[in-house]
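Q: The primary structure of each chain is shown beneath.
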Amino acid sequence: MELSVKQIADLLGGKVQGDGSIKIKKLDTLQEASKGSISFLSNPKYENQIYQTQASAVICNMDFSPKNTLKTTLIKVEDAYLSFSSLLEEINRQNSLQKVGIEEPSYIGENTSTGDKVYRGAFSYIGNSVKIGENVKIYPQAYIGDNSTIGNNTIIHSGVKIYPKTKIGNNCIIHSGAIVGSDGFGFAPQSDGSYKPIPQMGNVIIEDNVSIGSNTVIDCATLNSTIIRDGVKLDNLIQVAHNVEIGKNTVIAAQSGISGSTKIGEHCVIAGQVGVIGHLQIADKVIIGAQAGIGKSIDQKGTIILGSPGFERNQYLRSYTVFKRLPDIENRIKELEEKSLNLPTTED
Amino acid sequence: MELSVKQIADLLGGKVQGDGSIKIKKLDTLQEASKGSISFLSNPKYENQIYQTQASAVICNMDFSPKNTLKTTLIKVEDAYLSFSSLLEEINRQNSLQKVGIEEPSYIGENTSTGDKVYRGAFSYIGNSVKIGENVKIYPQAYIGDNSTIGNNTIIHSGVKIYPKTKIGNNCIIHSGAIVGSDGFGFAPQSDGSYKPIPQMGNVIIEDNVSIGSNTVIDCATLNSTIIRDGVKLDNLIQVAHNVEIGKNTVIAAQSGISGSTKIGEHCVIAGQVGVIGHLQIADKVIIGAQAGIGKSIDQKGTIILGSPGFERNQYLRSYTVFKRLPDIENRIKELEEKSLNLPTTED
Amino acid sequence: MELSVKQIADLLGGKVQGDGSIKIKKLDTLQEASKGSISFLSNPKYENQIYQTQASAVICNMDFSPKNTLKTTLIKVEDAYLSFSSLLEEINRQNSLQKVGIEEPSYIGENTSTGDKVYRGAFSYIGNSVKIGENVKIYPQAYIGDNSTIGNNTIIHSGVKIYPKTKIGNNCIIHSGAIVGSDGFGFAPQSDGSYKPIPQMGNVIIEDNVSIGSNTVIDCATLNSTIIRDGVKLDNLIQVAHNVEIGKNTVIAAQSGISGSTKIGEHCVIAGQVGVIGHLQIADKVIIGAQAGIGKSIDQKGTIILGSPGFERNQYLRSYTVFKRLPDIENRIKELEEKSLNLPTTED
Numbered sequence: 001m002e003l004s005v006k007q008i009a010d011l012l013g014g015k016v017q018g019d020g021s022i023k024i025k026k027l028d029t030l031q032e033a034s035k036g037s038i039s040f041l042s043n044p045k046y047e048n049q050i051y052q053t054q055a056s057a058v059i060c061n062m063d064f065s066p067k068n069t070l071k072t073t074l075i076k077v078e079d080a081y082l083s084f085s086s087l088l089e090e091i092n093r094q095n096s097l098q099k100v101g102i103e104e105p106s107y108i109g110e111n112t113s114t115g116d117k118v119y120r121g122a123f124s125y126i127g128n129s130v131k132i133g134e135n136v137k138i139y140p141q142a143y144i145g146d147n148s149t150i151g152n153n154t155i156i157h158s159g160v161k162i163y164p165k166t167k168i169g170n171n172c173i174i175h176s177g178a179i180v181g182s183d184g185f186g187f188a189p190q191s192d193g194s195y196k197p198i199p200q201m202g203n204v205i206i207e208d209n210v211s212i213g214s215n216t217v218i219d220c221a222t223l224n225s226t227i228i229r230d231g232v233k234l235d236n237l238i239q240v241a242h243n244v245e246i247g248k249n250t251v252i253a254a255q256s257g258i259s260g261s262t263k264i265g266e267h268c269v270i271a272g273q274v275g276v277i278g279h280l281q282i283a284d285k286v287i288i289g290a291q292a293g294i295g296k297s298i299d300q301k302g303t304i305i306l307g308s309p310g311f312e313r314n315q316y317l318r319s320y321t322v323f324k325r326l327p328d329i330e331n332r333i334k335e336l337e338e339k340s341l342n343l344p345t346t347e348d
Numbered sequence: 001m002e003l004s005v006k007q008i009a010d011l012l013g014g015k016v017q018g019d020g021s022i023k024i025k026k027l028d029t030l031q032e033a034s035k036g037s038i039s040f041l042s043n044p045k046y047e048n049q050i051y052q053t054q055a056s057a058v059i060c061n062m063d064f065s066p067k068n069t070l071k072t073t074l075i076k077v078e079d080a081y082l083s084f085s086s087l088l089e090e091i092n093r094q095n096s097l098q099k100v101g102i103e104e105p106s107y108i109g110e111n112t113s114t115g116d117k118v119y120r121g122a123f124s125y126i127g128n129s130v131k132i133g134e135n136v137k138i139y140p141q142a143y144i145g146d147n148s149t150i151g152n153n154t155i156i157h158s159g160v161k162i163y164p165k166t167k168i169g170n171n172c173i174i175h176s177g178a179i180v181g182s183d184g185f186g187f188a189p190q191s192d193g194s195y196k197p198i199p200q201m202g203n204v205i206i207e208d209n210v211s212i213g214s215n216t217v218i219d220c221a222t223l224n225s226t227i228i229r230d231g232v233k234l235d236n237l238i239q240v241a242h243n244v245e246i247g248k249n250t251v252i253a254a255q256s257g258i259s260g261s262t263k264i265g266e267h268c269v270i271a272g273q274v275g276v277i278g279h280l281q282i283a284d285k286v287i288i289g290a291q292a293g294i295g296k297s298i299d300q301k302g303t304i305i306l307g308s309p310g311f312e313r314n315q316y317l318r319s320y321t322v323f324k325r326l327p328d329i330e331n332r333i334k335e336l337e338e339k340s341l342n343l344p345t346t347e348d
Numbered sequence: 001m002e003l004s005v006k007q008i009a010d011l012l013g014g015k016v017q018g019d020g021s022i023k024i025k026k027l028d029t030l031q032e033a034s035k036g037s038i039s040f041l042s043n044p045k046y047e048n049q050i051y052q053t054q055a056s057a058v059i060c061n062m063d064f065s066p067k068n069t070l071k072t073t074l075i076k077v078e079d080a081y082l083s084f085s086s087l088l089e090e091i092n093r094q095n096s097l098q099k100v101g102i103e104e105p106s107y108i109g110e111n112t113s114t115g116d117k118v119y120r121g122a123f124s125y126i127g128n129s130v131k132i133g134e135n136v137k138i139y140p141q142a143y144i145g146d147n148s149t150i151g152n153n154t155i156i157h158s159g160v161k162i163y164p165k166t167k168i169g170n171n172c173i174i175h176s177g178a179i180v181g182s183d184g185f186g187f188a189p190q191s192d193g194s195y196k197p198i199p200q201m202g203n204v205i206i207e208d209n210v211s212i213g214s215n216t217v218i219d220c221a222t223l224n225s226t227i228i229r230d231g232v233k234l235d236n237l238i239q240v241a242h243n244v245e246i247g248k249n250t251v252i253a254a255q256s257g258i259s260g261s262t263k264i265g266e267h268c269v270i271a272g273q274v275g276v277i278g279h280l281q282i283a284d285k286v287i288i289g290a291q292a293g294i295g296k297s298i299d300q301k302g303t304i305i306l307g308s309p310g311f312e313r314n315q316y317l318r319s320y321t322v323f324k325r326l327p328d329i330e331n332r333i334k335e336l337e338e339k340s341l342n343l344p345t346t347e348d
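Residue numbers (this note's numbering), protein chains in the order written: chain A, 1 to 348; chain B, 1 to 348; chain C, 1 to 348.
A couple of the hints might just be wrong.
What the hints assert, rightly or not - Here are the simulated SDA-like cross-link-like pairs (lysine to any residue), alpha carbons at most 20 Å apart as the crow flies: (1) Lys285/A - Ser191/C; (2) Lys324/C - Lys99/B; (3) Lys285/C - Gly193/B; (4) Lys6/C - Ser113/C; (5) Lys15/B - Ser86/B; (6) Lys67/B - Gly18/B; (7) Lys334/B - Pro327/C; (8) Lys324/A - Thr321/C; (9) Lys324/C - Phe323/B; (10) Lys324/B - Leu317/A; (11) Lys196/B - Val251/C; (12) Lys324/C - Phe323/A; (13) Lys15/C - Ser86/C; (14) Lys339/C - Leu341/A; (15) Lys301/C - Gly18/B; (16) Lys196/B - Ser194/C; (17) Lys339/B - Pro327/C; (18) Lys285/A - Lys248/C; (19) Lys165/B - Ile91/C; (20) Lys165/B - Asp28/C; (21) Lys167/A - Ser225/A; (22) Lys76/A - Leu3/A; (23) Lys15/A - Leu3/A; (24) Lys248/B - Ala188/A; (25) Lys334/C - Arg332/A; (26) Lys263/B - Pro66/C; (27) Lys339/B - Pro327/B; (28) Lys165/C - Leu317/A; (29) Lys45/A - Phe64/A; (30) Lys196/A - Ser85/B; (31) Lys25/A - Asn43/A; (32) Lys25/A - Leu11/C; (33) Lys76/C - Pro66/C; (34) Lys45/C - Asn61/C; (35) Lys334/B - Lys76/A; (36) Lys334/C - Arg325/B; (37) Lys196/B - Ser191/C; (38) Lys301/B - Phe311/B; (39) Lys263/B - Gly295/B; (40) Lys165/A - Lys99/B.
In short, the hints are calculated from the structure, not lab data.
Just chain A, with the same shape it has in the complex (with noise of 0.2 Å):
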């Protein structure tokens, strides 16, 4: 990368003011800036960071009047951070585009098609009748199973596992060692104690522009399909059970896990670490706290649940409240014991 001040500005619909012929070369924070960097203001918290930066140029909001002097160039915009945030995604863009070509030796099985501009990292396998987009990334060691779909534009990471049968939409990134289809898991408990596998014939649907983090596991429907809907977004090391279904646009922290056959409602937020136990439904927009452990269904709408064992927001704080200080009650209770043995009662 090396773009001036003003072409950046020109990009990002900005207005320059200072010297807009200066090089930028990378991008970095106000206070890990050096010469030839460009940093953004947006949090007022941060704005004595700008006075002191070493940054060649600072994006920042139109509103911005700087109380100090200032060393640097700025750039305004509607939006500081969003803008900042489009300059890298345009960067990250250009440089992801560019892999393209077939490393060998790479496998690619019979039946199978590939659109225009995919990249085949090397020693990435892909099976039979398996259909890949325009522009598909399959980063080295990445496993396609027979009779697959990949949508266009969609990033495999390097080891990626998806097994048969998996449908992916347009717009995905898989991370690295995120295993997508593998068996779920259920056993039929045989008369001498031990379990027989029950047969996962089924497989998972993932819609367009998911993120799917880093050694998440997302298992097969026993029937049907496991399905992630459109703009899901989970975080590493997730479990996502057979026959699971994840609402548009709902947003999972690492580490949670979601059990069998339960629906996870559209636009939910579930923070780290928690628990959501199967064959549950979970209301649209609902918001789970890290670590919590999700026992029953919820039904309404919005409604913020914290703990193991989940309870709604008011209840679990005023509980936990006192909670704390169940010692000092322990005592109360005590004191009040000793005062009722010194008491006359009716019946003296």
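Since chain A is already given, all that's left is putting chains B and C on it; use the hints.
A: Same frame as chain A, now just chains B and C:
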């Protein structure tokens, strides 16, 4: 797959009621089935679905007598659920047995032997002095370290990593991304506050009929062996530390962790996200609820434990019931205190 | 391995008591040892085992004086446990140093350099402009992205994925399935309720002497670096989010998660399944118990935290002791209430 209803009935030892010549092409649920599908009715709760299903045939229990008109052919069997499962399994088995032979490039070391009907996927790696049994399937990009042995009919999915010296039995399934035999987490504290790794010289032994889920990790023993006994079923993303032993037919759900040197009994059921600390003994048939934390050995067979820290089930439920009412309880104490202030005491 | 007892004693700086010419072929515990084994006695609790062991030699502390007849040869040292560990380590080191050279097919990009005595396993992938130090071992199917550097003597196990631009120091061990440098979980909410990925442009820096367990994930920073300091030991299946920093010689057990931008101090000990939320500061030498949930910064060195939500140890233990007695406490309140109903009040 294309079988007639009559052929399927023969396979299952069932009785056809209707047209036995209809061709079946796939399996599906009553609700999702279409022409050419076979489905099943086991739970009477779903009986109404059988009158509306598009399935060409339905497997049902011997004692099922329809209350309304049926448009579908029936196959009557002892246990509809088990029969449907067996059918799935049979088809599954036939599919999985299809892959035979060697895809290139693949790597095989010296002094290594493989049995009949083995599949070795592209980019799979088998080290030196490894013994592979009959009908073993090693999917692409799997790794089998030196001096390991794998029994008959075992399936090693894509990307599984088996460290050297591991022993795996017959009829096991190991899913993608599972790691078997990595170093146990053992470090000797040094006088300068740093830690020196304690060499982990043991191995992992996996007996017969064991299932291991995706991205689950089983560490090798410091000395001797970490042991997974016959029939154990491990879900995804589980941690099994060094020198652990898991007893016959025990089932552990996703994201649970068993710390070093703990011995789990036979026929235990451990739910998801459970943690068990090290050096414990857990008796046979113990049941541990989701997200529980086990800090003490459990001596009594069949104990049920809930919560973190874990309590015996009844005690846990009693305490949690009161926990939910804590704010109310505190109010009751306040009232008592106010009353007691208004009271004459014997000292008055 | 085949060494005489005398050779081993010399290696350890110990004194032989008995026959120094005996040949030792393997290491084992006192209980499991057979002829040709060497074992150790450190904890006096196990002293009785030394009188029954089949080991040909036993490493023991200088001050050990047997109460019964011994059938085994002794090697007396300052610290039997450390000496036995060193012996294991030495053998381990010799084994791991054996793998040298390049197995084919393997992939190496342009402008990439590797030091002496490097091992590159089959199907390993090293991108462009990578620097690999001396004596580095890269096992089969590992992936090292463009522009990364790896110091001397570092071991990258099978299937590890290192994203581009990662810096790894000397003497590190990274176990199978670990992912270093995948995208942090950052998304900007859009007006239509969807989320747009915030490009993650930073990298991961891993200093010297770091161990990373199997299937652990370390995300890259949004800008700048996620940093794992010298001597840190991470167990399996851990989540380290973007922009986290983990201080020198801190140890974290399996399945714990550290959220974005949190800074963990030096010499901390974090047990298994712990969750720490984002943007916190944890002081040095803090100890966090298994399954704890940390929602606030911890300022004081050496604090011990237990529970979810986490409390300081003593407060937690007091509250939990009362929690267990909650049903009893409620009964005591009921009794008080009944008594108070029977009381005359000053208003009477």
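Q: Take the hints in turn and mark each one as holding or not.
A: Tested hints:
1. Lys285/A - Ser191/C: 15 Å, holds
2. Lys324/C - Lys99/B: 57 Å, violated
3. Lys285/C - Gly193/B: 10 Å, holds
4. Lys6/C - Ser113/C: 43 Å, violated
5. Lys15/B - Ser86/B: 16 Å, holds
6. Lys67/B - Gly18/B: 16 Å, holds
7. Lys334/B - Pro327/C: Holds: Lys334/B and Pro327/C sit about 18 Å apart, inside 20 Å.
8. Lys324/A - Thr321/C: 12 Å, holds
9. Lys324/C - Phe323/B: It holds: about 10 Å lies between the C-alpha atoms, which stays within 20 Å.
10. Lys324/B - Leu317/A: Holds - the C-alpha atoms of Leu317/A and Lys324/B are around 10 Å apart, at most 20 Å.
11. Lys196/B - Val251/C: 12 Å, holds
12. Lys324/C - Phe323/A: OK: Lys324/C and Phe323/A at ~11 Å, within 20 Å.
13. Lys15/C - Ser86/C: 16 Å, holds
14. Lys339/C - Leu341/A: 10 Å, holds
15. Lys301/C - Gly18/B: Distance of about 77 Å is beyond 20 Å: violated.
16. Lys196/B - Ser194/C: Cα-Cα ~47 Å, so violated.
17. Lys339/B - Pro327/C: With Cα atoms ~23 Å apart, Lys339/B and Pro327/C exceed 20 Å; violated.
18. Lys285/A - Lys248/C: 41 Å, violated
19. Lys165/B - Ile91/C: Holds, at roughly 15 Å.
20. Lys165/B - Asp28/C: With Cα atoms ~16 Å apart, Lys165/B and Asp28/C stay inside 20 Å; holds.
21. Lys167/A - Ser225/A: 10 Å, holds
22. Lys76/A - Leu3/A: 17 Å, holds
23. Lys15/A - Leu3/A: 16 Å, holds
24. Lys248/B - Ala188/A: 16 Å, holds
25. Lys334/C - Arg332/A: Measuring from Cα to Cα gives roughly 14 Å; hence the hint holds.
26. Lys263/B - Pro66/C: Violated: Lys263/B and Pro66/C sit about 31 Å apart, past 20 Å.
27. Lys339/B - Pro327/B: 19 Å, holds
28. Lys165/C - Leu317/A: Violated - the C-alpha atoms of Leu317/A and Lys165/C are around 44 Å apart, more than 20 Å.
29. Lys45/A - Phe64/A: Roughly 13 Å separates the two Cα atoms, so the pair holds.
30. Lys196/A - Ser85/B: 10 Å, holds
31. Lys25/A - Asn43/A: 24 Å, violated
32. Lys25/A - Leu11/C: At roughly 55 Å apart (the allowed maximum being 20 Å), Leu11/C and Lys25/A break the hint.
33. Lys76/C - Pro66/C: This hinted pair holds, its Cα atoms lying about 12 Å apart.
34. Lys45/C - Asn61/C: Holds, at roughly 13 Å.
35. Lys334/B - Lys76/A: The hint is violated at about 59 Å.
36. Lys334/C - Arg325/B: Holds, at roughly 14 Å.
37. Lys196/B - Ser191/C: The given pair, whose Cα atoms are some 52 Å apart, is violated under the 20 Å limit.
38. Lys301/B - Phe311/B: 15 Å, holds
39. Lys263/B - Gly295/B: 13 Å, holds
40. Lys165/A - Lys99/B: 16 Å, holds
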